[in-house]
Amino acid sequence: MNQNTVSSSESVTKKYKKRSQFAEIWRRFKQNKGAMVGLFVVFVIIFIAVFADVLFDYDTQVTAMDIANRMKEPCMEHLFGTDEMGRDIFIRVLYGSRASLSVGAMATLIGLIVGMTLGCIAGYFGGAIEDVIMRATDICGSIPHILMGIAIVSALGVSTMNLILALGFTSISSFVRITRAAVLTVRNQEYVEAGRAIGQSEAKIIFSHILPNCLSPIIVQVTLRIASAIVAASSLSFLGLGVKPPSPEWGALLSAGRTYVRTKPYMTLFPGLAIMVTVLAFNLVGDGLRDALDPKLRK
Amino acid sequence: MWRYCLRRILQLIPIIIGVSFLIYFLMDIAPGDIVLLKMGDNNMTAEQIEALYEQYGLNQPLPVRYLKYMGRLLQGDLGISQATGEPVMDMFMARIGSTARLAIASVLVSIIISIPLGIISAVHDGTVIDNVASFGTLLGLSIPNFWLGLVLIIVFSLKLGWLPSNGDDGTIKSLILPAITIGTSLTAALGRTTRSSMLDVIHQDYLRTVRAKGASEKIVIWKHALKNAMIPILTVAGEQFAGVLGGSALTETVFAWPGTGRLLIDSINGRDVTTVTGLLILKTLIGSVIILIVDLLYAAVDPRVRARFANSGRRKKK
Amino acid sequence: MKRVLALVLATIMALSLVACSSGAADNSAATQADAQSATEAAKAEAPAATEAAATEAAVPEVEYKEEVIIGTDTKVNSLDIQENCAIASGYIYLMTHEPLVHYYEGEFFPKLAETWENKDGLEYTFHLRKGIKFHDGSEFSADDVLFTIKRAKENPTTHANVKAFVDTIESVTKVDDYTVVFKLTEVNNDFLIDMSKTGSLGMLSEEACAAAEDGYKYGTGPWVNSEFFAEDHITVVRNDDYWGELPVTKKVTFRLIPEASARLIALENHEIDVCIYPDASEYSLVEENPELDMFTYTSGLNYIFYNVDQAPVDDPNFRLALAYATDNQQIIDGALGGYGVPATTTNSLTAVSFFDDFESVGQSKYTRDLDKAKEYLAKSKYPNGATVTIQFTTGQREIISQILQSQWKDIGVTVELDKTDSAGRAAAKQEDKWQAYLASVAYTDAGNSFSETFVTDGGTNQMGWSNARVDELFKQCAVETDEAKRYEMYKEIQSIIHEECPAYPMYYALKAIAYNKKVSGVKWESRGVMEFAYAKVEK
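Listed in order, the protein sequences are those of chains E, U and Z. The working numbering puts the first sequence at residues 121 to 419. The working numbering puts the second sequence at residues 163 to 480. The working numbering puts the third sequence at residues 4 to 542.
Treat the hints with care, as some may be off.
[Unchecked claim] If the Cβ cut is set under 8 Å, some of the chain E residues that face chain U in the computed set are:
#1 Leu267
#2 Ile270
#3 Val351
#4 Ser354
#5 Leu400
[Stated by the list, open to error] Taking lysine to any residue pairs in the SDA-like style, the calculated list, with each CA pair at most 25 Å apart, reads:
#6 U:Lys321 <-> Z:Ser287
#7 U:Lys321 <-> Z:Lys521
#8 E:Lys364 <-> Z:Thr397
#9 Z:Lys412 <-> E:Ser279
#10 E:Lys192 <-> Z:Gln408
#11 Z:Lys436 <-> U:Gln210
#12 E:Lys192 <-> Z:Glu291
#13 Z:Lys122 <-> Z:Val482
#14 Z:Lys377 <-> E:Asp179
#15 Z:Lys412 <-> E:Lys384
#16 Z:Lys78 <-> Z:Glu66
#17 U:Lys335 <-> Z:Lys68
#18 Z:Lys153 <-> U:Leu325
#19 U:Lys335 <-> Z:Phe232
#20 E:Lys384 <-> Z:Gly398
#21 Z:Lys412 <-> E:Leu175
#22 E:Lys150 <-> U:Val285
#23 E:Lys384 <-> U:Gln217
#24 E:Lys364 <-> Z:Gly398
#25 Z:Lys78 <-> U:Gly247
#26 U:Lys321 <-> Z:Gln408
#27 E:Lys384 <-> U:Val313
#28 Z:Lys153 <-> U:Gln210
#29 Z:Lys156 <-> U:Gln217
#30 E:Lys192 <-> Z:Pro345
#31 U:Lys335 <-> Z:His236
#32 Z:Lys436 <-> U:Ile191
#33 E:Lys384 <-> Z:Thr397
#34 Z:Lys521 <-> U:Leu325
#35 E:Lys384 <-> Z:Glu291
#36 U:Lys335 <-> Z:Glu271
In case anyone wonders, no lab produced these hints; they're calculated from the structure. These numbers come from a predicted model, not from an experiment. Where a beta carbon is used, it is the ideal one built from N, C-alpha and C, also for glycine.
The whole structure should be built from the sequences, with the hints applied where relevant.
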């Protein structure tokens, strides 16, 4: 069924096809209210993350301690209250969007680049290369992700970079599988054959014919992965394997506040909500995209 | 069919070799080792340290140790924990019961929440109800597990006093909170699958026939449609079960649950290479076997799938 | 029907009696909890708690539960009593194993030795109790004492503190089956205290250890090791053949509940009877709960250890600059919620050798004084500041590191944080790749155990620091019997350490053990070495 849509739009010229496909997807995406809300929230969070350093000064507002004002309940001056070192939680949560999003995005980027490359090679070339790649993928995929993450961070040492590496590594296998499956569906299409017939290089065929046509499941996967990486980062923070302090990454805030979960619940509430809203938004966008990209689900 | 099973089981061999090597390697590059940990603050002589390394078999290079380990593994021996001196298999068996019960309960929670929501969402496809139901299945996924666990403990154990806050006393009561904590994080995938597979089925011709025969919409959906949409749902549930069996370490920590996940985390922290490798091999094995069983059940239910098993060279999981 | 009613009435009356008696205990505990001076609280509380236990025991017809459950935070890795000196493992060892002599709040009591005598401080003769059996059935005799000391000396995994002590024993000789003579290499004023430590010198059975690799788990105590499930629970059951007073309770379980909040909730929810170390931020919840009580005491000294071989902390002036840039009270407020006592010197707060009047010897106390800090910094090899990496392992120390980061920034010292786990720390120490490390050391005896931190190659000397004069003084202290002269020497030691600052003393944490008021019989101890052997819980 997937193949049908691809081949039907094929006779049309490439540029036009792309635009119309995009417009069609966007039209379907727009119908999904949840996804639209999600998209809006994602944009807001990205906006905050990008301009966080314009809004607040890292040294004086985000990380500087003020013991005299520690553990202040939420009030006008400190909207979300202050933490055990007297730092404003509102500012830290806003600034934390930068740390959290970059952890999620960087980890996903690693998974995407490595996974897509391997998946492409496996799907396109097949044979022994495919076998090797897919077995390796099975190996990495069969170890529960969170345990793999724990093992990697324990081995490499606690740092933000190693956290990103660990989360990235664990997401490779899913990108390999998805890319390969998508490549398999398009690799024997006529336009690929045509490219081969006119003597285009393999790289050119892969980049200009195959990849553009299997991007949709990959894009969906990217949005979902960013979300799950943010949650996974908070899990590793709980085990003491998260980002380095005093970075206000949400998982670290949530984990640091957990001893006060009964006496000062606001210390975990706001970072927790931030994670929740972000992860929900990314998931709504991902689900919306999936539906929009997969015409099978629409009447 | 038997050939298919055999092939799937044979495929496990390279996976296990790979998993064990990966873990062995990771644990080797991790800073510190069991001897340094045992040493603690002691100022030992070089000979004493040497003797300890020999006692734990750590004085040899990584490839030699790994090959020795694999040699034992081939004979079905998972080795002895370096930290406690107990056979890894015994330690695993002592804890797998708790973990398995938690996994079953968690998947049940996930099924109870996500199948109705997924169906509602499919039936009301594209409406506000669909959005709300989908949103409902996503909620659990987006709350970090340990936080949800702590909040549940505070509300249901402390404030209401209904349920125990920690540990496994073998009763269903002690299962509820940890199962909800894990189960709600699984609803997103299961709800999504339910929704899409129901959508697939709902508009098919035979349902139209059933409707034409005058069956109520309820019966159409819950009896006829759900039955046919069940296969992918069960597949995902099976995979989730395998997943929880392998990786519920965090929830086990929050609820002080005596399962394999906590043992694994402790073993990683204690640089107990034999236990970590052994546990992960067992988890991989069990996970793969469960997925195989689900696939076989699938084949038993669906003749189309059975036919594919009989003649396909390799089956891809999607 | 009438009978039922009578029964109910009787029960209510019994209960109200119990309530009255525990109410009295409540009052005393509440005032202690309020007391700001932690040491005094700790000192005052121990007898109060035992008194309360006595009055409760006097109430007639009280029924006790079969099992006492204690929620702990620390994993006990091994039941080998010579391998571990942690307080958490001590709880269990104290129940299963027994030393020759027993020490409690400054006094000695006979245990496996009925009497003992001491000749010139170098020779101790112990007369052993007869007819005592180990849990495996073997009989306790002089051979087992010889074996225990020999094993501690030879086993490579023996804990450093135990090792350091047994190395001061020149020989142990058996006079007859029930008499042993210890000869010491030098006079050790703390010999009997060291001998009383169950964690190190509970008696092991030679026969059991020869028969099984884990023979060390058999002791002579009132409790027998039953289940060992390190990351979940450890259970001991009553030794019905015990030679002394039999406990009322039949089973004691130590449950590991790693999350502090979850552990306290378990106590409030009646799932456990004792909660070891609730988080300081939740002490108020214990105080507000009428069912609960709390025993508080000051525990180990929390240090910043410096690796004196590594730049930039190799320079004493630089270390002093850091010392004068640090504000202990801020650390206590920020990381401990105020539940701590600022440390002024490198010794245990309760030790007789404690000295912190540095002005009297022409020094000044460590207080945050940025001018002074900058002065020292200018004198140091790194007048323009430097980067120091602080290594730590726990969440609380993560906060401390951040506070230090913020404090030291004021004199131009940048702090890098290095969070690791205990294995990572062990590796860093072995490879000598670290600069500063946060850790606490518990000095559980009154005398010279802080020497282990500062003598060359001492058990807890993480810094690699070595000072010939300090080594010499510690040696003299151990043999000097004149209290005043000893104190002078301890004074000099602490003053030298103060001047060199190889380890900076931050604070003594105020630890607490929360428990249900129905619990009695626990021997609370101001050093934190509680004895749960006779713990019982009213039904």
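Hint by hint, here is what the structure shows:
1. Leu267: holds (5 Å)
2. Ile270: Isoleucine 270 (chain E) check passes; min Cβ-Cβ to chain U is 6 Å, inside 8 Å.
3. Val351: holds (6 Å)
4. Ser354: Check passed: Cβ of serine 354 (chain E) comes within 4 Å of chain U, closer than 8 Å.
5. Leu400: Result: holds, 5 Å to nearest chain U Cβ.
6. U:Lys321 <-> Z:Ser287: Distance of about 17 Å is within 25 Å: holds.
7. U:Lys321 <-> Z:Lys521: holds (21 Å)
8. E:Lys364 <-> Z:Thr397: This hinted pair holds, its Cα atoms lying about 13 Å apart.
9. Z:Lys412 <-> E:Ser279: holds (21 Å)
10. E:Lys192 <-> Z:Gln408: holds (22 Å)
11. Z:Lys436 <-> U:Gln210: At roughly 22 Å apart (the allowed maximum being 25 Å), glutamine 210 (chain U) and lysine 436 (chain Z) satisfy the hint.
12. E:Lys192 <-> Z:Glu291: Holds. Lysine 192 (chain E) to glutamate 291 (chain Z) sits at ~21 Å (cutoff 25 Å).
13. Z:Lys122 <-> Z:Val482: holds (14 Å)
14. Z:Lys377 <-> E:Asp179: holds (22 Å)
15. Z:Lys412 <-> E:Lys384: violated (29 Å)
16. Z:Lys78 <-> Z:Glu66: violated (32 Å)
17. U:Lys335 <-> Z:Lys68: Since the Cα atoms of lysine 335 (chain U) and lysine 68 (chain Z) sit roughly 22 Å apart, the hinted pair holds (cutoff 25 Å).
18. Z:Lys153 <-> U:Leu325: violated (51 Å)
19. U:Lys335 <-> Z:Phe232: holds (22 Å)
20. E:Lys384 <-> Z:Gly398: Answer holds: lysine 384 (chain E) to glycine 398 (chain Z) is near 17 Å, not above 25 Å.
21. Z:Lys412 <-> E:Leu175: Judged against 25 Å, a Cα distance of about 23 Å means the pair holds.
22. E:Lys150 <-> U:Val285: Satisfied, since the Cα-Cα distance of roughly 20 Å is no more than 25 Å.
23. E:Lys384 <-> U:Gln217: Measuring from Cα to Cα gives roughly 49 Å; hence the hint is violated.
24. E:Lys364 <-> Z:Gly398: holds (12 Å)
25. Z:Lys78 <-> U:Gly247: holds (16 Å)
26. U:Lys321 <-> Z:Gln408: violated (39 Å)
27. E:Lys384 <-> U:Val313: At roughly 13 Å apart (the allowed maximum being 25 Å), valine 313 (chain U) and lysine 384 (chain E) satisfy the hint.
28. Z:Lys153 <-> U:Gln210: holds (16 Å)
29. Z:Lys156 <-> U:Gln217: Within the cut-off at roughly 18 Å; holds.
30. E:Lys192 <-> Z:Pro345: OK: lysine 192 (chain E) and proline 345 (chain Z) at ~24 Å, within 25 Å.
31. U:Lys335 <-> Z:His236: Satisfied, since the Cα-Cα distance of roughly 20 Å is no more than 25 Å.
32. Z:Lys436 <-> U:Ile191: holds (16 Å)
33. E:Lys384 <-> Z:Thr397: Holds - the C-alpha atoms of threonine 397 (chain Z) and lysine 384 (chain E) are around 21 Å apart, at most 25 Å.
34. Z:Lys521 <-> U:Leu325: At roughly 22 Å apart (the allowed maximum being 25 Å), leucine 325 (chain U) and lysine 521 (chain Z) satisfy the hint.
35. E:Lys384 <-> Z:Glu291: holds (16 Å)
36. U:Lys335 <-> Z:Glu271: Holds: lysine 335 (chain U) and glutamate 271 (chain Z) sit about 18 Å apart, inside 25 Å.
Hint compliance for this structure: hints 15, 16, 18, 23, 26 are broken, all remaining hints hold.
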